[in-house]
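Build the full structure now, drawing on both the sequences and the hints.
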Amino acid sequence: MSLLVDAKNVRLTYPRPQMGLRSLLKKREPMVPALDDVTFQLHTGDRLALVGLNGSGKSTLLRTIAGIYEPETGSIDVAGKIVALFNLGVGMRLDMSGRANVMLLGMVAGCSQLEMQDLMPGILAFSGLEDVIDDPLHTYSQGMAMRLIFATATELNPEILLLDEWIGAGDRLFREKAEKRLEAIVSDSHGFILASHNTIIIQRYCTKGLWLDDGKIAAAGDIDEVLEIFVRETSRRAKEDEARLRA
Amino acid sequence: MIWALKNLSAGAVRWPLWTRLAVADIQQTYRRSFIGMAWITFSFAMFIGVKILIFGSISAADNDLFAAWLSIGFLIWAYVSGNVTDGCNVFINARPWILGTKMPLSVFVYQSLTRHLINLAYSTLVIIVLLWILKWQLTSIALWAIPGMLVLLLNAWWVQIFLGVLSSRHRDLIHLVQSGMRVLFFITPILYMPDQLGGNAFLLTYNPFTHFLAIVRDPIVLGTIPSASWLVALGFSVGGWILAILTLQFWGRRVPFWV
Chain A
1 MSLLVDAKNV
11 RLTYPRPQMG
21 LRSLLKKREP
31 MVPALDDVTF
41 QLHTGDRLAL
51 VGLNGSGKST
61 LLRTIAGIYE
71 PETGSIDVAG
81 KIVALFNLGV
91 GMRLDMSGRA
101 NVMLLGMVAG
111 CSQLEMQDLM
121 PGILAFSGLE
131 DVIDDPLHTY
141 SQGMAMRLIF
151 ATATELNPEI
161 LLLDEWIGAG
171 DRLFREKAEK
181 RLEAIVSDSH
191 GFILASHNTI
201 IIQRYCTKGL
211 WLDDGKIAAA
221 GDIDEVLEIF
231 VRETSRRAKE
241 DEARLRA
Chain B
1 MIWALKNLSA
11 GAVRWPLWTR
21 LAVADIQQTY
31 RRSFIGMAWI
41 TFSFAMFIGV
51 KILIFGSISA
61 ADNDLFAAWL
71 SIGFLIWAYV
81 SGNVTDGCNV
91 FINARPWILG
101 TKMPLSVFVY
111 QSLTRHLINL
121 AYSTLVIIVL
131 LWILKWQLTS
141 IALWAIPGML
151 VLLLNAWWVQ
161 IFLGVLSSRH
171 RDLIHLVQSG
181 MRVLFFITPI
191 LYMPDQLGGN
201 AFLLTYNPFT
211 HFLAIVRDPI
221 VLGTIPSASW
231 LVALGFSVGG
241 WILAILTLQF
251 WGRRVPFWV
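Residue numbers (our numbering), protein chains in the order written: chain A, 1 to 247; chain B, 1 to 259.
Think of the hints as simulated: they come from the structure by calculation, not from any bench.
Hints may contain errors.
As the list claims (entries may be wrong) - If you anchor each label on the Cβ, the simulated ranges turn out as follows:
{"id": "1", "chain 1": "B", "residue 1": "Ser-33", "chain 2": "A", "residue 2": "Gly-55", "range": "51 to 59 Å"}
{"id": "2", "chain 1": "B", "residue 1": "Lys-102", "chain 2": "A", "residue 2": "Asn-9", "range": "16 to 24 Å"}
{"id": "3", "chain 1": "A", "residue 1": "Pro-15", "chain 2": "B", "residue 2": "Leu-246", "range": "17 to 25 Å"}
{"id": "4", "chain 1": "A", "residue 1": "Asp-214", "chain 2": "B", "residue 2": "Arg-254", "range": "20 to 28 Å"}
Please read all numbers here as calculations on a predicted model, not as lab measurements.
Glycine residues also receive a C-beta, built at the ideal position from the N, C-alpha and C atoms.
Written out as structure tokens, the structure is:
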């Protein structure tokens, strides 16, 4: 069992938003870190769920693991090819054909033209869009475009797969295929990290959990334990909020 | 230095991507039009034609000389100022890419540089036709315009890195640069020849764009090699690159937080 992601004491603070002249009049309070002292490890075979309320730092942590954000202090070491399936539509050009868009998406993900030519038949078959693949993308319905993106993104074999919310695409027929496909790449990947609010999905696909609360790790360990603590704590807070509102 | 240089080379090897993106950018601009990218040539030709007609009649200079002077001046100015103003937005416009994918920042600079080179190539067709109509006599000195163009490219490159990083954090810079370029246009000898300014002509020598224009235009139009301008241009290339690499090294990693 080897170490895929090794995060040590990661701290990250967003810069103060630029508010123009107004900021001269306002008091400058220090920014709260978006991630604070986050330490965890992902080993081969781990299926990790990130849970937490809105704005707790889940997406920030995913972007830091993907290497988009650099931690302010601490370190993240990653061993293996990461595929991050967030912002799926990045790189789409509405005026180019579906085929050219598949090519572009693949190249954005770091594949060469030759690799993409090899993958193309599989992508086309899976998307079920062979008949319209040479038409410009703006003639596609939204669902069709999503199918094409999904088919391309899931064709790239990740070692470490990052997902910001479980993704699905298409009509009733396609959704089932997509579900199976995503399950397959999740189980083929060496490591998997999913940020989600959907406890059913999390319980089905994840073995470990990490609760982020205001950028700090509030609980970590076995998925059932973490979910239990998370649900218990957040319900307690909801009740307190309710009581305060009534008072 | 390591991170900045790594970023530049890691971006460079992604050339199949950024050339494709640059072409797609331009195609997007002229999408669903019948003549497509030929619009670049066509609109530049109309623009130059009117300028020659209007300013040629009020200029004391020889008509043919003035036509060549003005059109090549505009060609280079459009290229230079396009790179400078777009350089400010090179990372801001790439925000979804920067936040959604892990791609070296320099990819977006290469994409923008390529887009401007394609534009320049299409506009240059107008100049070639114009010089042919004027039966312009080119000497072997005119070949000096080629290294001149390379120096312009070298400078456009660092300018985009430098302005791109800084203006993603300080958005006032975008507007400062835009207004600055509008002013500088008038103290760059394009619509007039320097000697028409009389005693004030020395002012032009303080404008770096005068020199960047001269190293390409003078060999073609005047048949001379402006050695002083070459020195200025080379000085800017060296100084600018040092500045750009330092900027990228120290703040490049902050750009995802700023865009």
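Sort out which numbered hints this structure fails and list those numbers smallest first. The structure breaks only hint 1.
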